[in-house]
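J.: Each chain, letter by letter, is given below.
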Amino acid sequence: MTILGLNPDELAGCVGCGLCLPHCPTYRVTGLESASPRGRINAMRAVEGGAPISSEFTAILEACIQCRGCETACPSSVQYGHMAETAMVAIATRRPITRRVFDRILYRHVLPKHYVLLLGTWALVVAQRLHIVPKRFGVPPISTSSLRRSLSSDAFPTVFLYTGCVMDAWQRDVHRAAMKVMRAMGASVGLPGHGGSCCGALHVHAGRRSDAQRLAVAVVASMPGEIPVVVDSAGCGAALKDYGRLLGTPEAIAFSARVRDFTEWVVETGLPKMLSSNKTVVVQDPCHLRHVQHAETSVRTALSASYRLLETDDDALCCGAGGIYSITHPEIARQVRDRKVAAIRAAAGSDEVTVASANPGCAMFLSAAGLDVRHPAELLAAVIEEDNE
Amino acid sequence: MGRGRVRAEPLELILYQSDAGTARGQASVVCFPESIDDLSFAIRAANRHCVSFVARGSGTGLAGGATPVANSLVIVMTRMNRILEVDPVGRVAWVEPGVLNLDLTRSVRHLGLHYAPDPSSQQACTIGGNVGTNAGGPHCLSAGVTSAHVLAADVVLGNGDIVRLGGLEPDAIGYDLRGCFVGSEGTMGIAGSIAVRLTPDPPETRTLLADFTSVDAAAETVSGIIAEGIVPAALEMMDAPITRLVEEFVGAGYPLDAEAVLLIEVTGLIGGVDAEVDAIRRVALERGARQVKVAITEQDRMLLWKGRKSAFGAIAKVAPDYYLHDIVVPRTRLVEVLKRVYEIADEQNLLVMNVFHAGDGNLHPLFVFDGSEPGIWERVYAAGDGIIQACLDAGGVLSGEHGIGLEKRDYMSLAYSAEDLDAQARLRDAFDPDGFANPEKILPTGSRCGEMKRAPEGTWV
Ligand SMILES: Cc1cc2nc3c(=O)[nH]c(=O)nc-3n(C[C@H](O)[C@H](O)[C@H](O)COP(=O)(O)OP(=O)(O)OC[C@H]3O[C@@H](n4cnc5c(N)ncnc54)[C@H](O)[C@@H]3O)c2cc1C
Ligand code: SF4
Ligand code: SF4
Numbered sequence: 001m002t003i004l005g006l007n008p009d010e011l012a013g014c015v016g017c018g019l020c021l022p023h024c025p026t027y028r029v030t031g032l033e034s035a036s037p038r039g040r041i042n043a044m045r046a047v048e049g050g051a052p053i054s055s056e057f058t059a060i061l062e063a064c065i066q067c068r069g070c071e072t073a074c075p076s077s078v079q080y081g082h083m084a085e086t087a088m089v090a091i092a093t094r095r096p097i098t099r100r101v102f103d104r105i106l107y108r109h110v111l112p113k114h115y116v117l118l119l120g121t122w123a124l125v126v127a128q129r130l131h132i133v134p135k136r137f138g139v140p141p142i143s144t145s146s147l148r149r150s151l152s153s154d155a156f157p158t159v160f161l162y163t164g165c166v167m168d169a170w171q172r173d174v175h176r177a178a179m180k181v182m183r184a185m186g187a188s189v190g191l192p193g194h195g196g197s198c199c200g201a202l203h204v205h206a207g208r209r210s211d212a213q214r215l216a217v218a219v220v221a222s223m224p225g226e227i228p229v230v231v232d233s234a235g236c237g238a239a240l241k242d243y244g245r246l247l248g249t250p251e252a253i254a255f256s257a258r259v260r261d262f263t264e265w266v267v268e269t270g271l272p273k274m275l276s277s278n279k280t281v282v283v284q285d286p287c288h289l290r291h292v293q294h295a296e297t298s299v300r301t302a303l304s305a306s307y308r309l310l311e312t313d314d315d316a317l318c319c320g321a322g323g324i325y326s327i328t329h330p331e332i333a334r335q336v337r338d339r340k341v342a343a344i345r346a347a348a349g350s351d352e353v354t355v356a357s358a359n360p361g362c363a364m365f366l367s368a369a370g371l372d373v374r375h376p377a378e379l380l381a382a383v384i385e386e387d388n389e
Numbered sequence: 001m002g003r004g005r006v007r008a009e010p011l012e013l014i015l016y017q018s019d020a021g022t023a024r025g026q027a028s029v030v031c032f033p034e035s036i037d038d039l040s041f042a043i044r045a046a047n048r049h050c051v052s053f054v055a056r057g058s059g060t061g062l063a064g065g066a067t068p069v070a071n072s073l074v075i076v077m078t079r080m081n082r083i084l085e086v087d088p089v090g091r092v093a094w095v096e097p098g099v100l101n102l103d104l105t106r107s108v109r110h111l112g113l114h115y116a117p118d119p120s121s122q123q124a125c126t127i128g129g130n131v132g133t134n135a136g137g138p139h140c141l142s143a144g145v146t147s148a149h150v151l152a153a154d155v156v157l158g159n160g161d162i163v164r165l166g167g168l169e170p171d172a173i174g175y176d177l178r179g180c181f182v183g184s185e186g187t188m189g190i191a192g193s194i195a196v197r198l199t200p201d202p203p204e205t206r207t208l209l210a211d212f213t214s215v216d217a218a219a220e221t222v223s224g225i226i227a228e229g230i231v232p233a234a235l236e237m238m239d240a241p242i243t244r245l246v247e248e249f250v251g252a253g254y255p256l257d258a259e260a261v262l263l264i265e266v267t268g269l270i271g272g273v274d275a276e277v278d279a280i281r282r283v284a285l286e287r288g289a290r291q292v293k294v295a296i297t298e299q300d301r302m303l304l305w306k307g308r309k310s311a312f313g314a315i316a317k318v319a320p321d322y323y324l325h326d327i328v329v330p331r332t333r334l335v336e337v338l339k340r341v342y343e344i345a346d347e348q349n350l351l352v353m354n355v356f357h358a359g360d361g362n363l364h365p366l367f368v369f370d371g372s373e374p375g376i377w378e379r380v381y382a383a384g385d386g387i388i389q390a391c392l393d394a395g396g397v398l399s400g401e402h403g404i405g406l407e408k409r410d411y412m413s414l415a416y417s418a419e420d421l422d423a424q425a426r427l428r429d430a431f432d433p434d435g436f437a438n439p440e441k442i443l444p445t446g447s448r449c450g451e452m453k454r455a456p457e458g459t460w461v
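Just so you know, the protein sequences line up as chains A and B, in that order.
Here the first sequence stands for residues 1 to 389, where the numbers follow the working numbering.
Here the second sequence stands for residues 1 to 461, where the numbers follow the working numbering.
Warning: the hint list may mix true and false statements.
Mimicking SDA-like on lysine to any residue, the simulated pairs with C-alpha atoms at most 25 Å apart in a straight line are [said to hold, decoys possible]:
| # | chain 1 | residue 1 | chain 2 | residue 2 |
| --- | --- | --- | --- | --- |
| 1 | A | Lys273 | A | Thr301 |
| 2 | B | Lys306 | A | Ala347 |
| 3 | B | Lys306 | A | Asp315 |
| 4 | B | Lys317 | A | Glu48 |
| 5 | B | Lys317 | A | Asp9 |
| 6 | A | Lys180 | A | Arg300 |
| 7 | B | Lys317 | A | Leu4 |
| 8 | B | Lys317 | A | His82 |
| 9 | B | Lys317 | A | Gly5 |
| 10 | B | Lys306 | A | Glu311 |
| 11 | B | Lys306 | A | Gln79 |
| 12 | B | Lys306 | A | Thr297 |
| 13 | B | Lys317 | A | Ser304 |
| 14 | B | Lys306 | A | Arg245 |
| 15 | B | Lys317 | A | Met1 |
| 16 | B | Lys306 | A | Glu296 |
| 17 | B | Lys293 | B | Gly224 |
| 18 | B | Lys317 | A | Arg45 |
| 19 | B | Lys317 | A | Leu11 |
| 20 | B | Lys306 | A | Leu310 |
| 21 | A | Lys279 | A | Ser306 |
| 22 | B | Lys317 | A | Thr72 |
| 23 | B | Lys317 | A | Pro8 |
| 24 | B | Lys317 | A | Ala46 |
| 25 | B | Lys306 | A | Leu271 |
| 26 | B | Lys306 | A | Lys279 |
| 27 | B | Lys306 | A | Asp314 |
| 28 | B | Lys317 | A | Thr86 |
| 29 | B | Lys317 | B | Arg244 |
| 30 | B | Lys317 | A | Leu246 |
| 31 | A | Lys180 | A | Pro8 |
| 32 | B | Lys317 | A | Arg245 |
| 33 | B | Lys317 | B | Gly224 |
| 34 | B | Lys317 | A | Gln79 |
To be clear about the criterion: a stretch of chain B counts as covered by chain A if any three or more of its residues have a C-beta under 8 Å from a C-beta of chain A, and this derived list gives those stretches [to be verified]:
| # | segment |
| --- | --- |
| 35 | 67 to 80 |
| 36 | 417 to 426 |
Rather than coming from a laboratory, the hints here were simulated on the basis of the structure.
Think of the CB as a built atom: it goes at the ideal place given N, C-alpha and C, for glycine as much as any other residue.
Make the full structure from the sequences, and use the hints.
T.: Here is the structure:
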């Protein structure tokens, strides 16, 4: 076993050509080799070759947003994400004790326990009303009326909608919109049973693989049967689709095969009847939709039936949100977002613009920069409306 | 220079020990100037401490040009990445050296202009690095390489002085020092801002893909097209193994069973390009092409080019290490030299792939191997020596576009006489008398007596 436990062949896969550099958001804003995919891979190589797991090494890997833009760009198909996640496991076990306690509370007792998260969210709502939440955290105003009403599941579901942890607490209206569209398309929508409230994506990124595995088992068990599992958060969807690899069991592999991003499911099922809208929409590709799920075309197919779509000319570079990255690395995240906002404004020209984003993290972070950001489910729900009510 | 702009953490230094080539060195300090004054300041500071320095753009160079030797200070240009001025009428842009090649083209696209030199690494490499290596690219066949597109540069010399080389006026008097500087790989100083020529987008473009069952037939088609009086905008060749690799990555429709393919682009006015397409098709079919396809949509065209431009990066799927050569031979000798390349690979029992700018005879034999295999590097070097010899025998030159750097330095005395090398050394001294700027690159150690030596122990991996 090597120090970081990396597969030597995977590590050797990088030839150092540098073609990934411009596709890396952190390299783009810092210009540092140590903030680039090639640099991070070389740093992992150095550690496997005997260099210490120093605070410098930890900082280099933690500054990665884990957007996986480098994987799509790499002609040698280097599996950067997998290597970084593995290296993070080694880092997580070597953290100072205070940090380990904090992480344990966050990852074991807040995110996976839905009532704790909801309780925390109410506390946040109060704090927001008192104006004591720092703006740079980019937390959107949370609607209390939405939080008060819970979602209801249909009898004899033909499809599950995965609701998740933070998203269910902060963006429940998106789930409502998704359910509305799905029902209009003739589906009966089921919700996950007990224990399936957190997908574990944040845990994987933080190097807490065994926590993530436990959560994955619970999520799989919470949505039994063979019907499709629809996910309206790109980050959670990517995690659910990766359970096959994370758990390696036949059940997990079968489960992952059932998972669809919301727009993937809509396109596969056949677009519903929609009115046309005069809105101009700039599509933002959440990294885990584009680089991990490779589902960026279905968003466009679903929306282009009603909206005029515009594209950014920035190779779909990350927006900087990255799970909790915008809180742990606010400065880099803000610079990355500035680039994104500029690209969106350039694409829109003088038009009033709405941004479509299929990931709640990106949506919140971009809204905090003053953009009008909507989930594709909300945009679809808006154009099927009159037809069905 | 301020916090965060000078760095020397141990791991970070390791990350700057090489470019995309194989030579490795050791940096003492890394710094990130944000203006030409910063740059001059850094160079003067290095002078004071008697430390040599080396410029680095994106580190995609393949000849070890940006590899620090002698514990150099590495001066990274990535933060000098502003486009300073665009004159759409005069078709000139002033840019800082850290601007990425493709970013420049993107930023002037709405004006119907582009920056013509398009190395395959154009998405990642910097204009400064392109000037350093006098980079070429597929479309340089008709447009000319970097030197033809650089009008002027503000350069910081080895002692920290800032001078302007060249100018925007077409007929400057005196020596063309700009011409000397372009391609000097940072040994004559570092460009702090660069004036480049912008080229109008062609009205029409056609991209053709011709596939062949033999490498010879493809190579003969190359000569045939030129003999027909056509100068395509680009004329690229890929052999079977590399074609299969890139197809796997891009799915552009490259034939998986061809022995060689030619990617040909013609540009111009509508009538003209169609006539050229017909002529090329005829020439290729006469020489045994199985098929000549014309890309229909812009997306097909982009995919074909994406494939070609990903070729070097894609080889890790076969083996973890590569050694990429860069030689130029007269087009008439292409078939013969190419044969010799395959023979040399066979002799050394190495896998070779060929993907290159066929139109200007610029070959890129690419050896793909696993560097941890015992004795492999000796075979790779032996094959390299053989290829260089074959190239020089055929009347070719040592480098088409990647530069000499460390990689080819010791071959210089095969190509030039002692007098020639001495003259070059004196030219270099005129720019940098104290030898601070990127030492040990391009010219062999002790070039003045014309001796030949391998790179210093430990420089090679
Ligand atoms: C996949 C791949 C494909 C490639 N395809 C091509 C190709 O088609 N054609 C081609 O020509 N090359 C090609 N290259 C090689 C490489 O991309 C070019 O040599 C490029 O010009 C290097 O740019 P860079 O910014 O990476 O410079 P670096 O590698 O960082 O530096 C290159 C040299 O320029 C010097 N330099 C850097 N900045 C400055 C400056 N501001 N002033 C003076 N000197 C400076 C450096 O000291 C060094 O000697 C390819 C490389 C790769 C990995
Ligand atoms: S990760 Fe891929 S693209 Fe990036 S340097 Fe390595 S081989 Fe090249
Ligand atoms: S995952 Fe994203 S941030 Fe991390 S190295 Fe790759 S491109 Fe950069």
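J.: Need the list of violated hint numbers for this structure, in ascending order.
T.: 13, 14, 25, 26, 31, 33, 36
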